[in-house]
Amino acid sequence: MSLELRGITKTFGSFTANDAINLRVETGQIHAILGENGAGKSTLMNIVYGLLKADSGEILVDEKAVNITEPSDALSAGIGMVHQHFMLIPVFTVAENIVLGHEKSGKFGALDIETARLAIKEVSKDFGFEVNPDAIVETLPVGIQQKVEIIRALIYEAKVLILDEPTAVLTPQETDELLKTMRELKAKGTSIIFITHKLREVREVADQITIIRRGKVVGAVSPQTSEGELASLMVGRAVDLAPEKVKHEIGSPILVAKDLTVRNTLGAAVVNKVNFHVSAGEVLAVAGVQGNGQSELARALINLEDHIEGSILLDDKEISGASIYDSLHAGIAFIPESRELDGLVGSFSIAENLILDLHDQAPYANGIMLSAGVVMAEAEKRAKEFDIRAQSVSDAVSTLSGGNKQKVVIARELSRPVKVLVASQPTRGLDVGSIEFVHERILAERDAGRGVILFSTELDEVMALADRIAVMYRGEILDIVDSNVTREELGLLMAGVAAKKASA
Amino acid sequence: MRNSLVKFGQAIKLPGLSFGLAFTLTGLIIAFSDAKVLSKIGSPLTFIKSAVATAGNAYLALFQGSIFDINLTKGHNFFQGFYPLSETIVISTPLILTGLSVALAFKSGLFNIGAQGQFIFGAIGASYVGFHFHLPIVIHVIAAALAGMVLAAIWGGAVGLLKAKTGAHEVILTIMMNYIAGYFILWTLKTSQFLRPGRIDPIAPEVNQSARLPLLAGANLRIHAGIFIALAAAVFVWWLLTKTTIGYKFRSVGANSAASKTAGISVPFVLTATMAICGALAGLGGAVQVLGSEHALNADIAGSFGFDAITVALLGRAQPLGTVFAALLFGALHAGGRTMQSSTGVPLDIVLVTQALIVLFIAAPTFVRFVFRLKKINSSAGLTSKGWNG
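Respectively, the protein sequence lines represent chains P and V.
Residues in the first sequence are numbered consecutively from 1, following my numbering.
Residues in the second sequence are numbered consecutively from 505, following my numbering.
The hints are simulated quantities; they were obtained by calculation from the structure and are not laboratory data.
Please read these numbers as outputs of a predicted model, since none were measured by experiment.
It is possible that part of the hints are untrue.
Once the Cα atoms are required to be at most 27 Å apart in a straight line, the calculated DSSO-like pairs of lysine-lysine come out as [said to hold, decoys possible]:
(1) Lys-544/V x Lys-381/P
(2) Lys-381/P x Lys-765/V
(3) Lys-419/P x Lys-765/V
(4) Lys-765/V x Lys-258/P
(5) Lys-765/V x Lys-317/P
Here are some, though not all, of the chain P residues that point toward chain V, as calculated from beta-carbon distances under 8 Å [said to hold, decoys possible]:
(6) Leu-304
(7) Asp-342
(8) Val-345
(9) Leu-356
(10) Asp-357
(11) His-359
(12) Met-369
(13) Leu-370
Glycine is no exception: its CB is placed at the ideal position from the N, C-alpha and C atoms.
Required output: the full structure, derived from the provided sequences and hints.
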């Protein structure tokens, strides 16, 4: 089934989210739509799926115009969508989730779940999925939950499948798995619209790439296009994807962790006796598949975890067991994994968020009084320095894009005297332009003689920025290797194979 | 200036419309529950006339009972006509204070159901210092009020501390502590310390003259200086929340406690401090009630001030100024309801129906917007309490 969009335009007030967009997806084609956050990708897909109504333009399925005003129209036209945030009920089983909205009753009005179970098994067999229809959704890994969404679309006979940022929540392995699935779907004749801003994946799997910038189609290119070209089309200017590794001075160890153990509330060690150090002017990356204790280790470095054993020496001073406040003010900047949850107070203004850690210190506070003037003036300065784009620093931080939110976090954390920067997944969910900015800041901190500990599941990022790479596996640091290690060697370590030091 | 007027207009638009809608509906209920009106249903014109007249009379009585009644000026000076307004303010005064207690807790993400118990401890403390000691005027009032506030702050602060240390939910804690306070006052009033000489019913001695809040408009009107204390408390809460580092911490934890913790703010401190200040506010309400209008501690001293406070704070959108207006409205409905019942026979319960409808519409803004075809404006300044998982 082919899908064609002609002249789709959608405005929100004076803002044009989609400007006369033309797009054609052929049968059995993987069509990537590439664009920064806020470029209008999601608006376009929401129009196709009937969640939004276009101001003008038409949608053609198999050369025939269709009228889609709500998702059920899209479904009956054969268009299915897997949202970035899954639409699953966590406490229901896979089968229960799949019949949701299409419940049929059998004898005496009992819910007919058997048909769905059989259908799931059938689709799973066809596509080589391993999904148990009776598993409770919340117990499944994210990658499998995503498959449940895909299965749902397939069972309701989607011929065109829209995947909205499907890899944003996946680990590298799960991502590979998904790309494999996409190829299988394609082989069986399903068309796929793949929305993303990750260049590597696009080049790996797409047949055709459409690039959207500020609501307009700015390029229709083939997957042979280089990453650099794709990125500059996306951002609208030349982008430095892999910052050059300049030679830099590495000083003496500034943060040393000895036998550091973190236990969860059940008493199990999620980080088990790890030892490492980071030196002034050095980037130590902590790599690993999501869920191997990196998050907990990062949090433990500022005593954010409740059960910590062992020692953390910052500049030869023991900070393990100190309060979070004291750890931060001893000289650790902390960029948390989830900026929305742990980094920012969404309803607070940019200015208020910039002083979350410093609000009771001069010059922001005078006794118990907040100095509103100083807070605003400093915020203006930071917004300029860190290129935080907003109409005013009084805007609620929740109204900002992901990249600008992260800039607020970084601006705040770097406004204290810092010895060590701990950054946990600092570029997760960000667009190319923002990633570039974050990377530059990290390297700038390194060059200013600070120690940087970068926790990341993105191999590209780790390889581009790190001086040394520590690989975590099941709560332990399996090995600490030099940055000239190959991707394959790193991949093996991440999978738990500690054959030998890849480079000694 | 103009900007802030527009903002103010937007802020009161929805409560105002909810208010109007509630009164319209209540008017219909009054009319349709009247046998005389219903008997005229045969001829539509008389029916409508009679319905409007009945509802109109009820609302006139409500007004006369809460703001101004010309009949009361006969044989007295003109001021006596404001006796109802005085009553409205007397009822509103403790309600403002308990309302602020709940509102402040909302801002820190806490649901303080415990204003009732905190009020009781405030009343007990103020009463004891009021009748037991002999101190100079002014100083005595301050000492008595402070005693009440300190007791109530400890009572409230304990909830914050328990939540911080054990993770117990403040809703359950405060509800249970209301029970304890409710029975504690009964026991207290039976002790020899509190039992009034020559009485066997649960009532404490009257507080000394030096410990009473001065009347504001002569001996015929009950209005007392407590209203100024309540208004000052509202200003204090506004100042605390918007101008101080402590208020910043409160709002920050209320809006996102995980991010606040990550940035080094001590969440246990905020929980305990918030609940202690909330306790002090509700306790001040109890103290003002004893020192201003009741003068003697009795078992029913708290009435429903602590529970109405929740509604008042919700109606006032947890803003200090809004809470003051909401408390005045509730005071007026209470005071006017009595007159409405005695002069028109419309039952007092109708006032409760009106209150309930106002709150219902406030709680369902989407419905009010739908009725009046309003577009959704930015209403991010909602309440931040997060229910059971907060």
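Structure-based check of all given hints:
no. : hint                  : verdict
1   : Lys-544/V x Lys-381/P : 73 Å, violated
2   : Lys-381/P x Lys-765/V : 25 Å, holds
3   : Lys-419/P x Lys-765/V : 21 Å, holds
4   : Lys-765/V x Lys-258/P : 25 Å, holds
5   : Lys-765/V x Lys-317/P : 23 Å, holds
6   : Leu-304               : 6 Å, holds
7   : Asp-342               : 4 Å, holds
8   : Val-345               : 4 Å, holds
9   : Leu-356               : 4 Å, holds
10  : Asp-357               : 4 Å, holds
11  : His-359               : 5 Å, holds
12  : Met-369               : 6 Å, holds
13  : Leu-370               : 6 Å, holds
In summary, the one numbered hint that this structure violates is 1.
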